[in-house]
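Q: If you want the building blocks of each chain, they are given just below.
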Amino acid sequence: MDYYYKVGDLAKFGDITGEASEMGAKFFEYYAAVFKEGALTEREKSLIALAVAHTIQCPYCIDTYTQACLEKGSNLGEMTEAVHVAAAIRGGAALVHGIQMRNVAEKISM
Amino acid sequence: MVSEKAAVEAFPQFLNRRGLELVRAETTVLQINVGLLCNLTCRHCHLEAGPARHELMNMGVAQAVIDFTRRHVFRVIDITGGAPEMNPVLPHLIQSLSPLTTELILRSNLTLMADGGNDHILDLCTGRRVTIVCSFPSLHKGQFESQRGKDVFARVVAALRKLNSRGYGLPDTGLKLDLVSNPTGAFLAASQEQVEKKFRLELERNFGITFTNLYAFGNVPLGRFKQWLVQTGNYEGYMQKLISSFNPCALSGLMCRSLISVSWDGYLYDCDFNQAANIPLGGGKTHISKIEMVPAKGSFIGTGDHCYACTSGAGFT
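Protein chains in written order, with numbering that gives the first Met the number 0: chain A, 0 to 109; chain B, 0 to 316.
It is possible that some hints are incorrect.
[Stated by the list, open to error] Restricting the straight-line Cα-Cα distance to at most 30 Å, the calculated cross-link-like pairs of lysine-lysine (DSBU-like) are:
(1) B/K175 x A/K44
(2) B/K240 x A/K5
(3) B/K240 x A/K44
(4) A/K44 x B/K140
(5) B/K149 x B/K175
[Claimed, not checked] Derived, one-sided and incomplete: chain A residues facing chain B with beta-carbon distance under 8 Å:
(6) G72
(7) L75
(8) V82
(9) A86
Hints listed in this document are in silico derivations from the structure and should not be mistaken for laboratory results. Backbone N, C-alpha and C fix where the C-beta goes; we use that ideal spot for every residue, glycine too.
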């Protein structure tokens, strides 16, 4: 194995149930229920998933939810804004910890 | 990497394994392709229409089409191209066919309707209550123009406003203005209901445009779209996507069951896609001037790999 990620592996996702079928089946049942239309539409849920995929930087998820967003009727403008939401939250989370830096520095400084 | 090696099962065999078959129902729709000349070069065009194409239906063939529709009543007659406005026989066809059918449809890319150069055609359409159908792939200008060409978005928006100002797409005028949204790449069409809702809201809010119906159809792997799929390495993945989203319920409503398509030179096909794939109606080339009646119910329908596009998801009706 000379690389960690392989496109074809995404189609094998279901194989993960092999060694723990009960938990795997429950997970996929839950997963399918999550993405069904409820208070949020399937399109909105796919946009959230796309943003989260960028936050966790999962290439499988980015591939899957880019296609899902397009097939649920989102356009590139909306998808790019969703990624900016992820970037803002992720960047903001880093920056807000600057307050901790300031608190520590303040405590030990004259 | 150019690849077209997808091992696609023959469509009739695919249906047969599922206990299904595709045969003709009652023929109620006539689609007339008046030529491949077009002012645009859309990247999803299965007929590869464009400015360099010179195939145009002439008056003799047009008259044969009209004569045929006098012998057989079609509920719907659908004029397409190319850009039909570029064929001088179009006004004669509209005048002659509109009294012979319940609904006459003109498929237009609308760019030739925007600048006033074709107001005589627009006047004729308005007067004869011709339904106008236009492709509007995306609300995103960049994605729209990636499929239909640079600067086309603004011209189509201008034409839609002009059509609205004439009563097209407005309630209670009887002037239908329908949009068709095709995906702008190698992915499936979104839910028609959801797309229509979104387009209705945003076209009204952003441009003050209203329309009658919206249809969301997938792209068919033929012609220029197929070339793009192969050149970009998307062909195999797209075919797999179409096959894996096969919907047996879509079969009964397929347009090829109730439609015959006549090409610019007068030959007959089960649909516009079979015309692009050169699969003639009944297995042998038949000219419209030579047939007495439409194909009987239960008749054979020619198929190809492109049929997976019409049977995926909600289907292509």
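Q: Compare the structure with each hint and give your call.
A: Here is how each hint holds up against the structure:
1. B/K175 x A/K44: violated (34 Å)
2. B/K240 x A/K5: holds (19 Å)
3. B/K240 x A/K44: holds (21 Å)
4. A/K44 x B/K140: With Cα atoms ~24 Å apart, A/K44 and B/K140 stay inside 30 Å; holds.
5. B/K149 x B/K175: Roughly 27 Å separates the two Cα atoms, so the pair holds.
6. G72: holds (3 Å)
7. L75: Given a least distance of 5 Å, the restraint on A/L75 holds.
8. V82: With Cβ-Cβ at 15 Å, over 8 Å, it is violated.
9. A86: violated (20 Å)
Hint violations for this structure: numbers 1, 8, 9, all remaining hints satisfied.
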